[in-house]
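With my numbering, the residue at position 65 of the sequence shown is 705, and numbering never jumps.
Hints in this document: simulated from the structure, not taken from any laboratory.
Every residue, glycine too, gets a C-beta built ideally from N, C-alpha and C.
It is possible that some hints are incorrect.
Claimed, not checked - Derived pair list, reagent style SDA-like, types lysine to any residue, alpha-carbon separation capped at 25 Å: (1) K738 / K841; (2) K831 / Y816; (3) K769 / S800; (4) K841 / G827; (5) K819 / V787; (6) K767 / Y816; (7) K848 / E741; (8) K819 / G832; (9) K821 / D794; (10) K769 / A757; (11) K821 / G806; (12) K821 / P810; (13) K821 / K831; (14) K829 / T815; (15) K831 / T797; (16) K818 / K841; (17) K767 / A845; (18) K841 / P682; (19) K829 / G852; (20) K818 / R791; (21) K770 / V838; (22) K770 / K829; (23) K848 / T836; (24) K738 / A757; (25) K735 / T836.
Unchecked claim - What follows is a set of in silico ranges between Cβ atoms, one per label pair, in the way DEER data are often shown: (26) Q739 / P682: 32 to 42 Å; (27) D809 / S834: 21 to 31 Å; (28) Q755 / K735: 14 to 24 Å; (29) K735 / L679: 36 to 46 Å; (30) N837 / I676: 20 to 30 Å; (31) D794 / P731: 20 to 30 Å; (32) E849 / S792: 38 to 48 Å; (33) D828 / I676: 29 to 39 Å; (34) L679 / N812: 21 to 31 Å; (35) E741 / P682: 38 to 48 Å.
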Amino acid sequence: MDDQSETSTTAAKRPVAASDAEPADVKATPETLTAIIKLLEPLSSAQRQRTVAAAMMFLGEAPLQKPRQEKSRESTGNNNGDGDGEGDYPPQITKWMKQNEVTAEQLDRVFHFNQDATFELLHAPGKTKKDQAVNTYILTGLGKYLVANDRSFDDATARSFCETIGCFDPTNHATYLKKNKGGEFTGDKTKGYSLTNVGVKRGAALVKEVAGG
Numbered sequence: 641m642d643d644q645s646e647t648s649t650t651a652a653k654r655p656v657a658a659s660d661a662e663p664a665d666v667k668a669t670p671e672t673l674t675a676i677i678k679l680l681e682p683l684s685s686a687q688r689q690r691t692v693a694a695a696m697m698f699l700g701e702a703p704l705q706k707p708r709q710e711k712s713r714e715s716t717g718n719n720n721g722d723g724d725g726e727g728d729y730p731p732q733i734t735k736w737m738k739q740n741e742v743t744a745e746q747l748d749r750v751f752h753f754n755q756d757a758t759f760e761l762l763h764a765p766g767k768t769k770k771d772q773a774v775n776t777y778i779l780t781g782l783g784k785y786l787v788a789n790d791r792s793f794d795d796a797t798a799r800s801f802c803e804t805i806g807c808f809d810p811t812n813h814a815t816y817l818k819k820n821k822g823g824e825f826t827g828d829k830t831k832g833y834s835l836t837n838v839g840v841k842r843g844a845a846l847v848k849e850v851a852g853g
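Produce the complete structure using the sequences and hints provided.
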């Protein structure tokens with residue numbers, strides 16, 4: 641009995657070996673997280689969110705965001721789980737979605753709408769920096785229109801999105817905008833810009849282009 645008791649006590653004190661089934665990438669998570677934090681630390685909160693969202697889009701992942709108006713949905717318990725529907729967007733956004741046949745899934749790949757009526761632009765299509773920069777301005781105007789029912793937008797916001805997305809060319813940026821003859825927006829850097837009816841329609845097409853629709 642004494643030998644058995646001693647054996648049991650010794651076994652109880654032995655450390656339990658880690659499971660061999662543990663994914664290898666889990667062990668690297670702390671180092672990866674530390675590297676990401678160092679890169680994001682100098683940025684503002686908005687820039688961090690845009691950078692992470694843009695990185696996820698580049699990797700082919702859906703944006704890491706909660707459905708719009710989550711609080712409202714949780715309080716009513718209204719969740720049909722339809723990823724191709726209108727989601728839980730405010731009325732002005734769902735109206736535009738219906739008019740332009742844009743789904744919630746498509747919209748979520750381009751915009752992140754915040755509870756405070758601000759938004760983040762996650763991506764803008766374009767084969768060249770010029771095209772992508774112009775499309776960024778169009779989508780900036782569209783984002784402002786959707787969250788605030790206001791077609792005006794400032795150069796600083798659109799330019800900031802260009803920087804985050806990676807299409808800002810300090811040397812040629814102003815020239816890109818001057819040579820844009822599509823009529824999607826009017827105005828200038830000093831006074832600001834305004835999205836036109838053409839721009840609203842073009843914005844819908846760009847959203848579908850990003851989503852592959």
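* Take a quick look at whether K821 and K831 sit within 25 Å of each other, Cα to Cα. => holds, 19 Å
* Asked: Between K829 and G852, does the CA-CA distance stay at or below 25 Å?
  -> Answer violated: K829 to G852 is near 31 Å, above 25 Å.
* Asked: Are the Cα positions of K769 and S800 separated by 25 Å at most?
  -> holds, 14 Å
* Asked: Does the structure keep K848 and T836 at a Cα separation of 25 Å or less?
  -> holds, 19 Å
* Holds or violated: are the alpha carbons of K821 and G806 at most 25 Å from each other? -> It holds: about 22 Å lies between the C-alpha atoms, which stays within 25 Å.
* Starting from the range 36 to 46 Å, see whether the pair K735 and L679 falls in it by beta-carbon distance. => With Cβ atoms ~39 Å apart, the hint holds.
* Given the hint that K767 pairs with Y816, does the C-alpha gap stay at or below 25 Å? -> holds, 14 Å
* Asked: Do L679 and N812 keep their Cβ atoms within the hinted range of 21 to 31 Å?
  -> The hinted range 21 to 31 Å holds for L679 and N812, with Cβ atoms some 27 Å apart.
* Asked: Given the hint that K769 pairs with A757, does the C-alpha gap stay at or below 25 Å?
  -> Between K769 and A757 the Cα gap is close to 29 Å, so the pair fails against 25 Å, i.e. violated.
* Take the C-alpha atoms of K735 and T836, compute the straight-line distance between them, and say whether it is at most 25 Å. => holds, 17 Å
* Distance restraint between K848 and E741, which requires alpha-carbon spacing of 25 Å or less -> holds, 9 Å
* Cβ distance range 29 to 39 Å for D828 and I676, holds or violated -> With a Cβ separation near 38 Å, D828 and I676 satisfy 29 to 39 Å, so the hint holds.
Violated hints, listed in ascending order, are 5, 10, 18, 19, 30, 32; each of the other numbered hints is respected by the structure.
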